[in-house]
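Hints given; two lone chains; assemble the complex.
Sequences listed follow chains C and G, in order. Number 280 marks the last residue of the first sequence (my numbering); no jumps. Number 1281 marks the last residue of the second sequence (my numbering); no jumps.
One thing to keep in mind: the hints can contain errors.
Straight-line distance between alpha carbons at most 30 Å, and here's what the computed DSS-like set of lysine-lysine pairs gives [claimed, not checked]:
(1) G:Lys-1156 with G:Lys-1069
(2) C:Lys-261 with G:Lys-1250
(3) G:Lys-1269 with C:Lys-279
(4) G:Lys-1211 with G:Lys-1250
(5) C:Lys-219 with G:Lys-1047
(6) C:Lys-139 with G:Lys-1047
(7) G:Lys-1232 with C:Lys-139
I should point out that these hints are in silico values taken from the structure, not numbers from a laboratory.
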Amino acid sequence: MPAILAHNLTFSYVGAEKPSIQNVNLSIEQGAFVILTGPSGCGKTTFCRCLNGLIPNFYSGNLEGELTIDDVNASGKSTAELASHLGFVFQNPENQLFSLSVERDVAFGLENLGIQREEAIDRVRWAMDATGITDLREKAPYELSGGQQQRAAIAGVLAMKPRIMVLDEPTSFLDPRSAEEIVGVIAKLNHEMQLTILLVEHRLDIVSRYANRVIVMDKGRVILDGTPAQVYDDEARLIGIGLPKITTLFHLLRSDGFPVKTNPITVEQASNELRRMLKR
Amino acid sequence: MISIEDVSFHYPSTTQDVLSNVTLSIDDGEFVAIMGENGAGKTTLVKMFNGLLMPTKGRVLIDSSETGKKSVAQLSRDVGLIFQNPDHQLFAETVSEELSFSLRNFGFPEDVIQRRITNILESLDLQKYSNTSPFILSGGERKRVALAATLVWNPKHIIMDEPTIGQDHLQKDRLRNFIVQLISQGKTIIIVTHDVEFVAECNPRVVLLSKGKVLADGPATRILTRSDLVTKASLVRPQITELMQQLNEKDTPPDIVEPYAARDFLTPKLHAAADTRTSTR
Chain C
1 MPAILAHNLT FSYVGAEKPS IQNVNLSIEQ GAFVILTGPS GCGKTTFCRC
51 LNGLIPNFYS GNLEGELTID DVNASGKSTA ELASHLGFVF QNPENQLFSL
101 SVERDVAFGL ENLGIQREEA IDRVRWAMDA TGITDLREKA PYELSGGQQQ
151 RAAIAGVLAM KPRIMVLDEP TSFLDPRSAE EIVGVIAKLN HEMQLTILLV
201 EHRLDIVSRY ANRVIVMDKG RVILDGTPAQ VYDDEARLIG IGLPKITTLF
251 HLLRSDGFPV KTNPITVEQA SNELRRMLKR
Chain G
1001 MISIEDVSFH YPSTTQDVLS NVTLSIDDGE FVAIMGENGA GKTTLVKMFN
1051 GLLMPTKGRV LIDSSETGKK SVAQLSRDVG LIFQNPDHQL FAETVSEELS
1101 FSLRNFGFPE DVIQRRITNI LESLDLQKYS NTSPFILSGG ERKRVALAAT
1151 LVWNPKHIIM DEPTIGQDHL QKDRLRNFIV QLISQGKTII IVTHDVEFVA
1201 ECNPRVVLLS KGKVLADGPA TRILTRSDLV TKASLVRPQI TELMQQLNEK
1251 DTPPDIVEPY AARDFLTPKL HAAADTRTST R
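Chain G with its partners taken away, still in its complex shape (with noise of 0.2 Å):
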């Protein structure tokens, strides 16, 4: 379980909060997807996950014990985290040698590491590149050998900053299955980020910053399609949640944010619709 308990946080050079007065608890096992406007807070906040920042007030606790008591090399066995920008992570020669780094140094044996970097790989569809490296793949290619990087030493919690950034639709689509699977193992998952569309779809549980609070806190249907909310932290509405506010048909359930759900709505009343046409002909 990860607790932020009333934290604040500040950088060094200013007195102005990034963060102020965050109560936050994550359960075992959830997926949770932060968002917000560009400079809310969200990248800060979980960087106090695993220790690479400590708050100016207040507390964080990953599973009962608190950051500051332990280095951030202990945390990171329990808490990966991926960076947005993938170049500041990556730095071996080929994509394997980028995956066995860091279980060497957790001292796995040699088949362990080997047969964990097949699995990953395959299952981010990185297979074909284990001998490249990285840095002449595509910037979504980097980003999901970051991922694989991280994966492969199994770690309890889980946070990705913007990770659909520069993925294709095929990809996010396996993104999101492999969200799945990860939650099904019982992992937690943290997403930053401002793709609407995506948590759409997923629906995870939504933390909405803005300015360094928390505004909001619920399922995705219940908080991206709120106007007022959404507006507040530079988000927009799902399309699909829009369509659904213009089309104003009566009973329209609030929670609407995919087509899936808008088409589950709709083909009843269309059938309807088209079986008075016929009658009345």
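Okay, chain C solo, but in the shape it has when bound (with noise of 0.2 Å):
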């Protein structure tokens, strides 16, 4: 049974001309790690709200198709139901942390799902421990770092064990070497407990090597499906996304006429790749 499977899934906002979703279909596999990409306004932002419930339960418009998170039919679900099957982590960690310390705010999804004290305490600890943000368990979120307020966010939804969990640019606020940190934290929880992973990112240079599979949108539909070298070897439909500069130098080449074979993911890989051309 897929994690999230989607059918013909279309939406339209009140007021707008036409839908921000069209006629989606896409089936995402327990225990996959995906990328969901594309320019901005492609529709990635109202697909995730229909995978939490923001939309039809906040926002009004006109739904169609159907949705199935996790074996259970979506249609009809408030927020708080689906909360306990898929978690969102949202792009500013301060939006989703406010208790006085990084424990009661991983606790506090907990307290909403009335989830007994004993099983909430043990279920705090190992969510923190995930993370590796035990120490920091008494500190204010005001206190964190960037990167330690987001482990702290993703703490709070994992302490709900969901089996997804969809990740909306979670490391744009960050420095690069916190954002390297926070991917690795999530492929991490999708290798060891293979939690399902959604992950709406621009910056494919540091996600694409823990991906084994990224989704283009565009004017609300899917329009590129497949594993990251795939995806990325189809440049003409590229324009507008914000490819790994490993992958730009080698379609340059390819154009050039050189013989260029793999389409690398990491720098390793594209080492290898131009050790081998250069080989006389």
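Spelled out as structure tokens, the structure:
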């Protein structure tokens, strides 16, 4: 059973001339690490809002098609009901943290779910451990660095034990090192707990190596869907996508007529391929 | 010209310096990227350029006058600061009202106001939103409205705090072209950013801050390629620089930061390798 199954999903906001997403058909397997990308206004945020129930519960408009999350038909479910299946991490952790201590913030969602105290304590410990913030549990969120805040936000979502986590550009406010760290935490959760990851990102350079699938949306539709190497190969349809710079270099070399064989996802792969080509 | 003379700063509630002994001079028409880790003091520094913050030690001069001696309103005429979060800045009911607000305050005639608004909305790809409320726009679009609302009064020095966050590749390209256009008009452009790849493409002067001090100051190609410096400032080197390092070809110039420079370097070598292979076959 797929983690996320969308069938002909279409949504138009009230007053909008055309649908923000149109006939989206997607099946995302349990345990997958998927990057969702595309230019501004391509519909990725709207799609995510359907996943966590913000559409249709908080944004009015016309929703058509079917959506199944973790084997549950999303239609008619509240955002709270969906939260135990699918956790959502926002771009700016400051919007997600508000308690006086990290520990309380991580526990917040559980209190709302009505989890028993003992169980809640266990889960909070486990989630803080999994994201590497146990030492910070008594700190106030404003005392933390941006990267630590984002870890705390992820821990809060993780404590609800969803099987799917959707992250909307979780690194964009972070400096590059902290961004790499957060992506590392996400990859670890995916790898060790088989947590299904749907990561909305523009920064493909730091996330591509972890993903087994990239979905590109444009004008409300899915236009490309495949492994990173397959998707980054389709240069003509990727106009407006911020490809990793090594990919851009390989596209340039190919258009110059050099026989580039692979589409590198990591610097190591790019370096190996260039070495092969430079061999005399 | 913007001069920072031995500036230190701490917030009233603490004694810990957010900036310590920063000295920096930025000429008219320069393009400068201020980079560094989260909490390095970048935003604190640029808030001194329009008098939002005053140094606890040292002084800040904008075009030879000290910031403490002018009001923020007066300074803002010359120094436009665009915040990281557009919601700290936007308030009007439509995009064009947002843009006309400052112009009316500065006393521009109505026809000038309309002309300027039309021009600026076109150059930032916002014309279709002229009568839309800024609050229903996407995060990236709201950022561009905030930028437009400052540029419209034509300040001489323009400071953008994290302008690329939430912008897709096309909008980043557009922003880069727009910055180039502003520089060619003699504006000073200062961006605060973590976006190493954007900086690598633009090649501005980079001022690297770390823990409130200036760690390095020079062309992007020189600073971003130094692994000791970027590590200290919690940045990473551009992907292409990493690649060139790993490839470790002899006579690799040390300043390759973006794909086009890498292609220029690799092309003759790839041809030579291919020729050798063909002739020995």
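Identify every previously stated hint that the structure contradicts and give their numbers, smallest first. 4, 5
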